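Each of the two chains sits in its own frame; use the hints to bring them together as a complex.
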Amino acid sequence: MKTKAQLIFTTVNVLFWIVFLGLCIKTGALLISFFVSLFINPQGAQNLHLGLDLFSLLAFDRWHYVSMVSLVIALSAVKAHMAYLVIRLFLQLNPRQPFNIHAAALISQISELALGAGILAILANAYAKWLLKKGIDLQSLSQYLDNGGEILFLAGIIFVIAQIFKKGVELQSENELTV
Amino acid sequence: MAKRKMSLNELSEKVGLTLANLSILKTGKAKAVRFSTLEAICKVLECQPGDLLEFRENGP
Chain A
1 MKTKAQLIFT TVNVLFWIVF LGLCIKTGAL LISFFVSLFI NPQGAQNLHL
51 GLDLFSLLAF DRWHYVSMVS LVIALSAVKA HMAYLVIRLF LQLNPRQPFN
101 IHAAALISQI SELALGAGIL AILANAYAKW LLKKGIDLQS LSQYLDNGGE
151 ILFLAGIIFV IAQIFKKGVE LQSENELTV
Chain B
1001 MAKRKMSLNE LSEKVGLTLA NLSILKTGKA KAVRFSTLEA ICKVLECQPG
1051 DLLEFRENGP
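Order-wise, the sequence lines are chains A and B. Mapping the first sequence onto my numbering, position 173 (from 1) lands on 173, and the numbers just tick up by one. Add 1000 to the 1-based position in the second sequence for my numbering, that's all there is to it.
One chain only, chain B, in its complex shape (with noise of 0.2 Å):
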């Protein structure tokens, strides 16, 4: 986001999804993420998964 010169709000607006949720997502506190969803900020942020995805052992 930081790259892309993005705030949350406009990357809300363009993803389709709430601040709300968008917020979840951030602070690592979602349970699960639709394909759909992870498809939308890839496109817009211009990245791959594995950019907004990390596997830590034990939780975040």
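Bound-form chain A, shown alone (with noise of 0.2 Å):
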């Protein structure tokens, strides 16, 4: 009969696999729908993916569509990259001895990845407001850009919890070498 904790941690892990097949499926899409935009078929960027239509973009400037387009495949990327250590922190997670050296460095390279998506997400959003203020129709971009603050302070919070656990770390392995 598995606990409640147990439950939960399970489809967590689920989802996160989800996720993070999700988001590798979402930066593929980009990514070749922006090289086919780009060598092969410009009317490729009424439809990057779900929607996205970037065409008076890259009808403005070729130049500017690309540097969008790269902030917009990025942000994906980290976002997915941070789903696989998510994933990786799930399998070597051993729940009797928690607190390991690997853990505690997984969780840090999270945080410092939340860190980037946060900068990407801010740069990418004000790169839009001054395409915009352009005159270039962008509305179909707002769904693909996050709230550069909110990951920002969510980068905050992993980063306290991962100074925590590196603590948690030192204890146990006190604990360890204690007879």
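Since the hints were derived computationally from the structure, they do not count as laboratory data. These numbers were taken from a predicted model, which means no experiment stands behind them. All the pointers check out, no bait thrown in.
EDC-like mimics (lysine to aspartate or glutamate), calculated; alpha carbons at most 20 Å apart, straight line: (1) B:K1031 to A:E174; (2) B:K1043 to B:E1054; (3) B:K1026 to A:E176; (4) A:K166 to A:E112; (5) B:K1031 to A:E170; (6) B:K1026 to B:E1054; (7) B:K1029 to A:E174; (8) B:K1029 to B:E1057; (9) B:K1029 to A:E170; (10) A:K167 to A:E112; (11) B:K1043 to B:E1010; (12) B:K1031 to B:E1054; (13) B:K1026 to B:E1057; (14) A:K129 to A:D146; (15) B:K1026 to B:E1010; (16) B:K1043 to B:E1013; (17) B:K1026 to A:E174; (18) B:K1029 to A:E176; (19) A:K26 to A:D146; (20) B:K1031 to B:D1051; (21) B:K1031 to A:E176.
The following block contains the structure:
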């Protein structure tokens, strides 16, 4: 009979697998559509992924289009990598000895990636606002640009948790070497 | 242990510690020792804590 905590643990693990696969598919689709729109058929920019229409941006300036789409792809890739690290964390977590160096390192990496995602999101939003002032239609882009401030806030929380976890690793190793 | 002609296995059984923990203690890797453990070892080996512990500057 599984405990409630084990059930929640398994459910969250499965959810993160779904999120990871979803983000990988999104990133891959964006990359392929991006290359198609640049080198094969510019009409591809009308529907890069699930209704993302940046054709007006491509028509306005090719380099602005490349920059904006690169930011969107990078943001998606960073989030996919974060989900991957969380899955790795779940895989190597031992309920009997949860505080180990590898888990602490993974949590630190997740906080660093969250910081990177936050900065990317802020840059992308600022860039989109600047492009909007030029009169380019970027309505469909809003769902692909996350709130950078919120991501940075979460990055801060994960960083604090990472520091507490590192202390936990120290305390556990000291406990293991206490006879 | 040599004086009492006792092996590590025998000592671990009498003291109630695992071989791994005794080995940690013997090789100087232990970070802390419980008083109960020290008492048990001294009782079995018929010695004083000072016979088992030594102070060294800047770690082992």
